[in-house]
Every structure is written in structure tokens, then in C-alpha cells.
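> Protein chains in written order, with this note's numbering: chain A, 1 to 307; chain B, 1 to 335.
Any given hint could turn out to be false.
Stated by the list, open to error - Facing chain A, according to a computed beta carbon distance under 7 Å, are these residues of chain B, among others:
1) T156
2) W161
3) L278
4) N319
Said to hold, decoys possible - Ranges between beta-carbon positions, derived for each pair:
5) F169(B) to L49(A): 31 to 37 Å
6) A199(A) to M38(B): 34 to 40 Å
7) D330(B) to V109(A): 30 to 36 Å
8) A162(A) to L89(B): 30 to 36 Å
9) A42(A) to V324(B): 44 to 50 Å
10) A158(A) to V33(B): 19 to 25 Å
11) S192(B) to L49(A): 57 to 63 Å
12) V324(B) to L49(A): 47 to 53 Å
13) Q153(A) to L196(B): 37 to 43 Å
None of these hints come from the bench; they were simulated from the model. Each residue gets a CB set at the ideal place from its N, CA and C atoms; glycine is no exception.
Chain by chain, the residues:
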Amino acid sequence: MSTRTSSELDVQHAPSALRSAGRVLATLWDNGKARVGLVLLAFFLLLALVGPLLSPYDAKENTFPRSQDVSGAHWLGTTAAGEDVLSQLVHGARISVLVGFTAGLLATVVAVLIGLSWGYTRGWVAEVIGFVVNLFLVIPGLPFMIVIAAYLQNGGIAVIIAVIVITGWAWGARVLRSQTQSLRSRDFVEAARFSGDSAPRIVFREILPNMTSLIVGSFFGAATAAILAEAGLEFLGLGDTSIVSWGTMIYWAQNSSALLTGQWALLFAPGLCIALLALSLTLVNFGVDAVSNPRLREGSRTRKADR
Amino acid sequence: MRTGRGSFPGRYLLGRLGLFVLTLWAAVTVNFVLPRLMPGTPADAAIAKLSQNGPVSDATRAAIEAQLGVPGGNLLSQYGSYLEQVVTLDFGVSYTFYPQTVSSMVSQALPYTLLLVGLVTVLAFVLGTLVGVLSAWKRGTWLDALPTLSGSFLSTFPYFWTALLLLFFLGYVLHWFPTTGAYSATTTPGFSLEFLGDALAHAALPAITILLTSLGGWILGMRNAMINTLGDDYVTFAEANGLRGRTVALRYAARNAILPNLTGFGLSLGGVVGGSVLVEQVFGYPGIGYLLFNAVIGQDYPLMQALFLMITVSVLVANFLVDVLYGLLDPRTRR
Chain A
1 MSTRTSSELD VQHAPSALRS AGRVLATLWD NGKARVGLVL LAFFLLLALV GPLLSPYDAK
61 ENTFPRSQDV SGAHWLGTTA AGEDVLSQLV HGARISVLVG FTAGLLATVV AVLIGLSWGY
121 TRGWVAEVIG FVVNLFLVIP GLPFMIVIAA YLQNGGIAVI IAVIVITGWA WGARVLRSQT
181 QSLRSRDFVE AARFSGDSAP RIVFREILPN MTSLIVGSFF GAATAAILAE AGLEFLGLGD
241 TSIVSWGTMI YWAQNSSALL TGQWALLFAP GLCIALLALS LTLVNFGVDA VSNPRLREGS
301 RTRKADR
Chain B
1 MRTGRGSFPG RYLLGRLGLF VLTLWAAVTV NFVLPRLMPG TPADAAIAKL SQNGPVSDAT
61 RAAIEAQLGV PGGNLLSQYG SYLEQVVTLD FGVSYTFYPQ TVSSMVSQAL PYTLLLVGLV
121 TVLAFVLGTL VGVLSAWKRG TWLDALPTLS GSFLSTFPYF WTALLLLFFL GYVLHWFPTT
181 GAYSATTTPG FSLEFLGDAL AHAALPAITI LLTSLGGWIL GMRNAMINTL GDDYVTFAEA
241 NGLRGRTVAL RYAARNAILP NLTGFGLSLG GVVGGSVLVE QVFGYPGIGY LLFNAVIGQD
301 YPLMQALFLM ITVSVLVANF LVDVLYGLLD PRTRR
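Between the sequences and the hints, there should be enough to build the whole structure, so can you do that?
Right, dumping it as C-alpha cells:
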């Protein structure tokens with residue numbers, strides 16, 4: 001054991017990490033709900049990527065007749081400012097996907113760093129981390145976001161992402177901590193400790209790879225929350241109202257009383273897109289849950305989950 | 001209730017209370033630090049608003065700063081007077097609704113939110129938990145598939161969007177419910193039957209919104225916890241002993257499965273209260289959330305700070321109560 005160099009260990013770890021990621025994906029695909037989620041998610045990713053090429057008009061072109069109903073030229077009508085609703089809808093996918101994935105990723109990184117150190121350390125350090133995490137868990141997220149966003153007015157997307165990350169990492173940290181705690185007493189961790197590995201090395205090389213599905217799960221959870229939070233803040237007019245996103249579309253629709261003028265598409269289409277994107281992530285997460293908790297796997301009633 | 005060595009409830013309660021007070025202090029301090037971390041001061045914002053109409057003289061600036069109670073002295077003495085404000089519930093004067101005090105505005109809005117969000121949240125929790133037990137017990141049948149799928153579908157809907165949908169269909173199209181406010185202009189608030197009926201009708205749409213969007217979480221949480229306990233040995237043992245299905249489900253499995261869900265209940269309260277900001281804004285319901293929205297739009301910093309503190313403290317208190325209840329129900333946590 002001790003004669004092995006670290007590069008040999010790396011070689012040993014790389015394929016197993018790949019293999020475990022592959023296994024996670026295969027199990028996900030096996031799960032019916034998760035498969036629907038993956039397909040839906042792929043659709044939105046594609047839309048965000050190439051959507052602007054497909055959209056009939058530019059999202060900010062406002063030369064059309066105002067507040068038009070659904071027609072052949074404007075499949076979803078036009079806004080009160082004379083923009084094409086369908087083009088805005090297609091362009092809006094970018095913001096939601098960008099915010100969801102960036103904020104979800106950053107929140108997960110914070111959750112991993114804090115959750116793993118919280119779970120691995122003992123004594124007063126763990127107590128202090130625990131106190132901070134619990135504080136962030138109980139402070140109500142959206143009011144907190146609203147207050148921060150109000151102070152940092154018109155900060156743009158970066159501020160929105162920062163606000164979501166600040167308020168969104170704690171839940172993941174808590175979940176990852178309990179798994180770390182149970183892994184830290186396993187044999188392979190003990191062995192690494194006795195062979196003199198440093199704590200960060202044990203945490204990130206030995207423990208982390210065994211938590212792939214939990215981490216993937218907390219990423220999807222954080223991304224879903226981020227998408228809903230971004231839409232909520234934009235809807236309240238606390239984001240950057242000059243950009244075209246699903247949240248700002250509803251904000252402007254509400255501002256121009258689209259409900260009263262009967263322009264249902266203007267209000268309902270962006271909301272439906274937000275809901276479907278969030279749903280796709282939730283469905284994928286069902287599959288991830290099944291990977292990390294075999295008892296939840298369809299049709300199985302296995303005994304002990306391995307935790 | 002088991003009492004024995006190391007599980008004396010009084011000591012557990014004392015420990016929890018200590019942690020609660022510490023958390024409360026931290027949250028109150030966050031509320032103090034936050035505005036000071038941010039660029040600009042409320043007075044700057046007010047002066048900026050004023051300077052759109054022309055240049056602002058130094059005298060006016062000084063007057064505004066004095067009026068808005070821009071704190072003088074060092075950070076420590078500011079913190080001292082802030083804590084004094086919090087203890088005496090004196091948060092100064094609102095900018096936007098001058099000369100009303102922040103405290104009077106909060107106490108006007110609080111009953112609406114407490115009744116609406118509080119009652120609906122408890123209702124959603126009870127209903128969702130029962131459905132969750134049922135779907136775990138009837139796993140694999142339509143009694144499982146229907147609530148889990150529709151519940152998770154509904155819970156991915158943005159709060160405000162669900163609110164708008166209901167407002168449109170049940171309010172504008174079908175005219176089943178009033179669309180805005182907490183009571184009609186023609187009724188006077190009081191303990192009359194007429195007012196109560198009117199207030200209930202106005203609360204219906206926001207209540208349905210919160211119920212629909214939060215049910216899914218409780219159903220799924222309870223179902224998953226229940227499935228975990230159903231796989232445990234003691235449940236298998238109870239089943240093997242020939243106990244009736246319903247007895248096993250409720251007395252054995254659900255009783256233990258509800259414990260983690262109870263913690264989840266405490267934690268998700270913050271989400272429900274936060275979601276109610278959006279819901280109250282859509283329906284123009286004059287509760288805490290609506291007030292917060294207006295405070296933000298009007299850059300009414302004293303009101304905003306007081307409201308955020310109010311919301312945070314109420315969530316903390318609810319969490320503390322849930323925590324205590326958990327400890328009483330599960331003696332193991334008291335160790």
C-alpha cells in the first residue's frame with residue numbers, strides 16, 4: 001500500500017470515477033420518470049444553445065403592432081411593447097438555463113466543501129460549521145433574497161446568481177455531511193488514515209468519489225431552486241428588467257395587465273416553460289434518489305440501504 | 001414518555017432553548033450587518049430620489065439624514081441602539097407611509113399573514129402527510145402514482161404563476177372568488193358574520209395557491225420516509241405476526257416515518273412564508289409579504305429591515321417549537 005505513489009493512485013481512481021458516473025447515468029435511464037426528465041432537459045438545453053437561431057424574430061425587436069392576439073405571423077401574439085412573444089420565449093431559455101446551472105453548480109461546490117469538512121471534522125470546528133449551516137437553513141430564503149436584491153439594485157444576472165448561491169447551499173451541505181459522517185468510519189477511510197494521508201486528501205480522494213449520486217442529486221435540487229428563485233425575483237421586478245427572460249416576460253405581462261386584456265399566451269407560456277424546466281430537473285432527481293437509496297427503486301423492497 | 005438516565009426532558013429543553021437564543025441573536029445580527037455591508041445608505045437612496053427634481057442642498061441632506069435616523073457614532077454604539085430598537089419593537093418611521101410607524105404597519109399586516117399562511121401551512125402538512133402514508137402503503141398502484149406525480153408536478157410550478165392561473169380562471173373567467181384585497185370595500189372589519197364570510201372568500205385564492213404548491217413536498221417526503229421504515233425489520237416482524245395492514249402502516253411505520261418529515265416541516269416553513277410574498281403580491285393581499293414587496297419597491301429600508309426580521313424570527317420560533325416536539329416524540333434525539 002504505502003509503496004504506491006500518488007500518480008498510480010490517480011490512475012486507479014480515474015476510470016472508476018468515470019465508470020461510476022456511467023453507472024449513475026445508466027441507472028437514471030432505466031428509471032422511467034428520470035428518462036422523461038432527461039429528454040425534457042435535453043430539449044431545454046438545446047433550446048438555450050441554438051434557440052436564437054431558430055426564433056422567428058429578434059427578442060428585442062419592437063416594431064410589431066402592440067398586444068396582438070395569436071396569429072400566423074406571431075404564433076403567441078405580441079407584447080404590449082410590440083415584441084414577438086414566441087421569439088422572447090425562445091431567447092428566455094438562455095437566462096433560466098444559465099442561472100439554473102451556474103447557481104446550481106456554485107451552490108453545490110459550496111455545499112460539498114462545507115458539508116464534507118463539517119462531516120469529517122470533529123469538536124468545536126464542526127460545532128461552529130453546524131451552527132452557521134443551521135442558521136442559513138432556517139433564515140427564510142426568498143425574503144432574504146428580496147432584501148439583498150433590494151440593496152444591490154439593478155446588479156444584473158451576476159448579482160442574482162450570487163444571491164441564489166448565498167441562500168441556496170445549506171440544504172445540500174446538510175445532506176452531504178451526514179453521508180460523510182457515515183463514510184468516515186469505513187475501513188477504506190481508516191486504512192488511508194493509518195497510511196498517513198492528509199485530511200483533505202482523504203476527504204476529496206477517498207470519501208468524495210463515493211458520494212457521486214448524492215452530489216449529483218444536490219446539484220439538480222439546487223438548480224431547480226435557482227430557476228424558481230430567479231423567476232420569482234424577476235417577477236417582482238428585482239432582477240434586471242431590461243433582459244429577456246421568462247421571469248421578466250411575466251413581470252412585463254403583469255405590468256401591462258395582460259390578464260385583463262385576455263393575452264393568456266403572454267402570461268402562461270413563460271410560466272409553463274419555467275415549470276417544465278423545473279419539472280425536468282425534479283424528474284431526473286427521482287432517478288438520482290433511486291440510485292442513492294435502493295429502497296426507493298421501482299418495485300424493489302430491498303432490505304438495508306447501504307448507508 | 002420514557003424518562004431515564006440521560007434523557008431528562010428538562011435538560012434537553014434547556015439545551016434547545018440555548019441554541020434557539022443563540023440562533024436568534026445571530027439572525028438579528030445578520031439583519032444589522034446586512035445593510036452595512038451593502039453599497040450606499042438608505043439616506044443616499046432617498047437623496048438620489050429627491051435629486052431627480054433638482055439639486056439637493058447640504059442642509060436638506062443633513063435634514064434627511066437626521067429624519068431617517070442615519071446612525072451616528074461607531075459601529076458598536078450603533079449595534080447597541082439597534083438591539084434596543086429590536087427589544088422595544090421600535091423600528092422608527094416608515095419612509096413611504098410617513099408618518100406611520102413601522103411597528104403599527106407590521107401589526108396591521110401580521111394577522112392576515114398569520115391566519116392565511118399559518119392555517120394553510122398546517123392544513124397542507126396534515127393533508128400531505130396522510131396522502132404520503134397512503135401512497136407508500138399502496139405503493140405501485142394508482143393511489144401511489146396519482147398523488148406522487150401530480151404532487152411533484154404541482155410543486156415545480158412557480159408560486160406566482162400558479163397564483164396567476166387561479167386568478168385568471170377562478171377569478172376573472174368564472175367569477176367564483178374576489179380577485180384582490182383581504183375584504184370588500186363595502187364591509188367593515190370586525191367580528192361580524194358578514195365580514196368573516198367576506199374575508200374567507202378573499203383568502204380562498206391565495207390559500208388554494210399555497211395549498212397546491214406545497215402539498216407535493218409533504219406527500220413525497222412522507223412517502224419516501226415511509227418506504228424506508230416499511231423496509232425495516234420491526235415492520236416486517238409486525239407483518240409476519242399477522243397484525244392488520246392498517247395497524248402496521250399507522251402504528252408502526254408512519255409513527256416513525258413522520259419524525260424526519262417533522263423536521264422537514266420546520267425547515268420548509270421558511271419556503272412557505274417566502275412563497276407567500278409572491279402570492280400576496282399577485283392577489284394584493286395586505287399581509288407581511290405584500291408589505292415587504294411595497295417596502296422594497298419604495299426603498300423603505302426601515303420597514304424592509306423590520307419585516308425581514310419579523311419573518312425570520314417567526315420562522316425561527318416555529319422551528320424551535322417543531323424541534324422541541326421532535327425531541328418529545330423521539331427520546332433518542334435527547335441523548
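> Are the hints correct? Go through all of them and say.
Tested hints:
Because the smallest distance between the Cβ of T156(B) and any Cβ of chain A comes to about 4 Å, under 7 Å, the interface hint for this residue holds. With its C-beta approaching chain A no nearer than about 3 Å, W161(B) sits inside the 7 Å limit, and its interface hint holds. With its C-beta approaching chain A no nearer than about 6 Å, L278(B) sits inside the 7 Å limit, and its interface hint holds. At its closest, the beta carbon of N319(B) sits 5 Å from a beta carbon of chain A; the interface hint therefore holds under the 7 Å criterion.
Distance hint check: the CB atoms of F169(B) and L49(A) are about 35 Å apart, consistent with the given range 31 to 37 Å. Between A199(A) and M38(B) the C-beta distance comes to about 36 Å, which sits within the given range of 34 to 40 Å. At about 34 Å, the beta-carbon gap between D330(B) and V109(A) stays in the expected band of 30 to 36 Å. Taking the beta carbon of each, A162(A) and L89(B) are about 32 Å apart, inside 30 to 36 Å as hinted.
Look at A42(A) against V324(B): about 47 Å separates their beta carbons, and that is inside 44 to 50 Å. Between A158(A) and V33(B) the C-beta distance comes to about 22 Å, which sits within the given range of 19 to 25 Å. Against the hinted window of 57 to 63 Å, the Cβ-Cβ separation of S192(B) and L49(A) comes to about 60 Å, which satisfies the hint. The supplied range of 47 to 53 Å is met by V324(B) and L49(A), whose beta-carbon atoms lie about 51 Å from each other.
At roughly 41 Å, the beta-carbon separation of Q153(A) and L196(B) lies within the given 37 to 43 Å, and the hint holds.
When held up to the earlier numbered hints, the structure conflicts with none and fits them all.
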